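Engineer: Since the structure of chain A is provided, determine the placement of chain B on it from the hints.
Residue numbers (our numbering), protein chains in the order written: chain A, 1 to 400; chain B, 1 to 400.
These are calculated hints, taken from the structure and not from any lab test. Just so you know, not all the hints are guaranteed correct.
Because identical chains cannot be distinguished in the list, a pair is counted as satisfied if it fits within a single copy or across any two copies.
Capping the alpha-carbon separation at 27 Å, the derived lysine-lysine pairs in DSS-like fashion look like this [what the hints assert, rightly or not]:
hint, residue 1, residue 2
1, 94, 31
2, 275, 31
3, 94, 256
4, 50, 120
5, 226, 120
6, 93, 256
7, 261, 240
8, 226, 275
9, 240, 31
Just so you know, these numbers come straight off a predicted model, no measurement behind them.
Number of protein chains: 2
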Amino acid sequence: MFQGLSAKKERLVAGLMSGTSGDGIDVVLVKIREQGTAAEIQLVAYDTLKFSAPVRQRILNAQGAEGATAREMILLSSYLGELYAHAVGHLCKKASVGIQDVDLIGCHGQTLYHHPRPEKLPGFSVTGSIQIGNPAVLAERTGITVVSDFRSRDMAAGGQGAPLAPYLDYILFNHRARGRIILNVGGIANLTAIPADSPPEAIVAFDTGPGNSLMDLAVSHFTQGKGTFDQDGAWARAGKFSFPLLERLLAHPYFKLPPPKSLDREEFGNPYLVKIIEWAGAMAPADVLATLAQFTVQTVAAGIMEHVMQKGRYEELILSGGGAHNPVLVEGLKAAFPRMSVVLGDAYNMPSRAKEAVLMAFLANETMNGRCANVPSATGARNPVLLGSITPGANAIDPP
Amino acid sequence: MFQGLSAKKERLVAGLMSGTSGDGIDVVLVKIREQGTAAEIQLVAYDTLKFSAPVRQRILNAQGAEGATAREMILLSSYLGELYAHAVGHLCKKASVGIQDVDLIGCHGQTLYHHPRPEKLPGFSVTGSIQIGNPAVLAERTGITVVSDFRSRDMAAGGQGAPLAPYLDYILFNHRARGRIILNVGGIANLTAIPADSPPEAIVAFDTGPGNSLMDLAVSHFTQGKGTFDQDGAWARAGKFSFPLLERLLAHPYFKLPPPKSLDREEFGNPYLVKIIEWAGAMAPADVLATLAQFTVQTVAAGIMEHVMQKGRYEELILSGGGAHNPVLVEGLKAAFPRMSVVLGDAYNMPSRAKEAVLMAFLANETMNGRCANVPSATGARNPVLLGSITPGANAIDPP
Chain A
1 MFQGLSAKKE RLVAGLMSGT SGDGIDVVLV KIREQGTAAE IQLVAYDTLK
51 FSAPVRQRIL NAQGAEGATA REMILLSSYL GELYAHAVGH LCKKASVGIQ
101 DVDLIGCHGQ TLYHHPRPEK LPGFSVTGSI QIGNPAVLAE RTGITVVSDF
151 RSRDMAAGGQ GAPLAPYLDY ILFNHRARGR IILNVGGIAN LTAIPADSPP
201 EAIVAFDTGP GNSLMDLAVS HFTQGKGTFD QDGAWARAGK FSFPLLERLL
251 AHPYFKLPPP KSLDREEFGN PYLVKIIEWA GAMAPADVLA TLAQFTVQTV
301 AAGIMEHVMQ KGRYEELILS GGGAHNPVLV EGLKAAFPRM SVVLGDAYNM
351 PSRAKEAVLM AFLANETMNG RCANVPSATG ARNPVLLGSI TPGANAIDPP
Chain B
1 MFQGLSAKKE RLVAGLMSGT SGDGIDVVLV KIREQGTAAE IQLVAYDTLK
51 FSAPVRQRIL NAQGAEGATA REMILLSSYL GELYAHAVGH LCKKASVGIQ
101 DVDLIGCHGQ TLYHHPRPEK LPGFSVTGSI QIGNPAVLAE RTGITVVSDF
151 RSRDMAAGGQ GAPLAPYLDY ILFNHRARGR IILNVGGIAN LTAIPADSPP
201 EAIVAFDTGP GNSLMDLAVS HFTQGKGTFD QDGAWARAGK FSFPLLERLL
251 AHPYFKLPPP KSLDREEFGN PYLVKIIEWA GAMAPADVLA TLAQFTVQTV
301 AAGIMEHVMQ KGRYEELILS GGGAHNPVLV EGLKAAFPRM SVVLGDAYNM
351 PSRAKEAVLM AFLANETMNG RCANVPSATG ARNPVLLGSI TPGANAIDPP
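Next up, chain A with everything else stripped away, as it sits in the complex (with noise of 0.2 Å):
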């Protein structure tokens, strides 16, 4: 098994990703030719498939500390293995593509909790991370080979499982004479800041806190569950934003943590919002959406004063994720650093909405050419490690 499937010099992947703010499925097939720096990635087509509002619902209901019960968790996670393997042979078609000409699929999955916080039991200390969307279902209707349950690994070595954008942002934007930070506003925020001419060990990489993910939860709130999102930051540039609220949100004590540091995923989620709803008192939802939109312009740039600026130099600030197309964040950014190049990541050949699926992608790509693609200065793992688990498609057995 495997023979054929891991001599390949060139693959044709799938990447899927699905994030925390439960909006759908992010879908990509990119050919890569090598491998580590020598890396070559071409998007070859990409789509988003949203989640009826009643599958997203369960989903945001899923997650968290308590959000599902066991039987919850396997049948939703069988049930987006069933989404995932629908997107990638919708994608296949509308590309025109043979889905068994499809090598490998990297499936994130859909993260209900995260816990890289270690946990004492009797002789060990414990983290975990569990991200569903069955890879049996996905292997088994695909007939693909696919790799799945990134995070766990580096968690194993003392990571927190994330970021895990660095490898490829180092790939994609290390620069002989440009230093860039790359930053990813989606639920989360996080960013990658590449000094000029380094090594991958010279990179600095964390989350700096909530992105879209407390705007999209307020505006759901807002419109009991009509609106799903800040269109065009039309809400935060009709509201002003509060002071008092604000500085209440950056009292969290997570942006006093220094790095590498990663969120728990759900530390910004619905029982936050509940809380803040509660503060708000009686704010106008505008007002609210605007001081949420300060709050992430915020604590990005104060995260990139604190411990990125101080070390090195930067030239470019490269942003991607959904909140590169609210143009009240993307202004909040280029107000913050009038001497940096705000571009969005759609300037390098690679479209913001792709960038997180194109990630997985090539994160499978590597395990299977048996390369360790975790960043520890990133993560803080002890060492190097493989991400992810395979589940073996049909293509993965070689011919008798």
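Structural biologist: Showing chain B alone in chain A's frame:
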């Protein structure tokens, strides 16, 4: 990756099993040459490591549809990963085998919940099963490639994900002239019936009902947790079984289903014992145990009469699992089948206690050989599938 490991004709494989009764970890080392019906399996060493009482209790509490939160599930999963790694290291030491000489680990994991009945969600019917015991922790600690999550793929193909034993049973016990029934009495009891001189498709296999689980739980109940099982059947032998209580137990709807069928692992767990204790009223503890022993004997006997004997002739009943050490069960089965020879699995150079862990080692090895190892006539799957997900150890990386 996998080029060296996958090409091996002979592997040293560790197998890990921890049953629903939460007793402890069965660990084996086996040498396996070749594959499929040509496979030769040689047991090198085996041992059982008991869980401490608090760990056992924590596992029992986590079982069931709603037994564990996401938090408890992932922490306990990583913790069991540590204990499994310890068990492999322990057995290697005991057997004077270098851990770097082990090629592969097959790890069943600890079942928390098994849901084989299809559940309708929008667009898809789904099933699911969860076995904890983090394979990333196991692979990282040992450096050995791990195969785990053996049930999900069969379920993805429409099967019940159980029983898994028939494939190995067939390899070990198929016989030209003798029809054989292989009965494993673990927490639950399952059998594989192999008619004389037949292909794997002729196998009948299913869970007959409870094995030791209810007896174990009852002893624990009556001794306030001090006892964990009915040693030598002493309690059952001292008591008399109650016919009314037995009739009530036999009325459970599972016994009316035709095979292929498998039990939700928690069906005969703690909540059911609570009911039994209530039904038992003022009955003496020994009488409850005698009734539960009779319950296991009767459901095994009825399963064989109704679903096995009607289709063929069988000469041998080969008994394995913890129940093979309970003389009350053994005598009960001998009495039920006076014309069959009832033998312990040990007679076949395979100690009862080691058998399920050997199964895990063998299934892992077949997956690494690219061989499908479910038996669709036993599980109800639409087709044969590759079982498990592979978490690569450092030993999966080929030298440059």
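Engineer: Each hint needs a verdict: does it hold in this structure or not?
Structural biologist: Now for the hints, and whether the structure bears them out:
no. : hint      : result
1   : 94 / 31   : within (16 Å within a copy, 48 Å between copies)
2   : 275 / 31  : neither (45 Å within a copy, 59 Å between copies)
3   : 94 / 256  : neither (46 Å within a copy, 49 Å between copies)
4   : 50 / 120  : between (39 Å within a copy, 20 Å between copies)
5   : 226 / 120 : between (43 Å within a copy, 25 Å between copies)
6   : 93 / 256  : neither (48 Å within a copy, 46 Å between copies)
7   : 261 / 240 : neither (31 Å within a copy, 62 Å between copies)
8   : 226 / 275 : within (21 Å within a copy, 46 Å between copies)
9   : 240 / 31  : neither (46 Å within a copy, 71 Å between copies)
The structure shown violates the earlier hints numbered 2, 3, 6, 7, 9.
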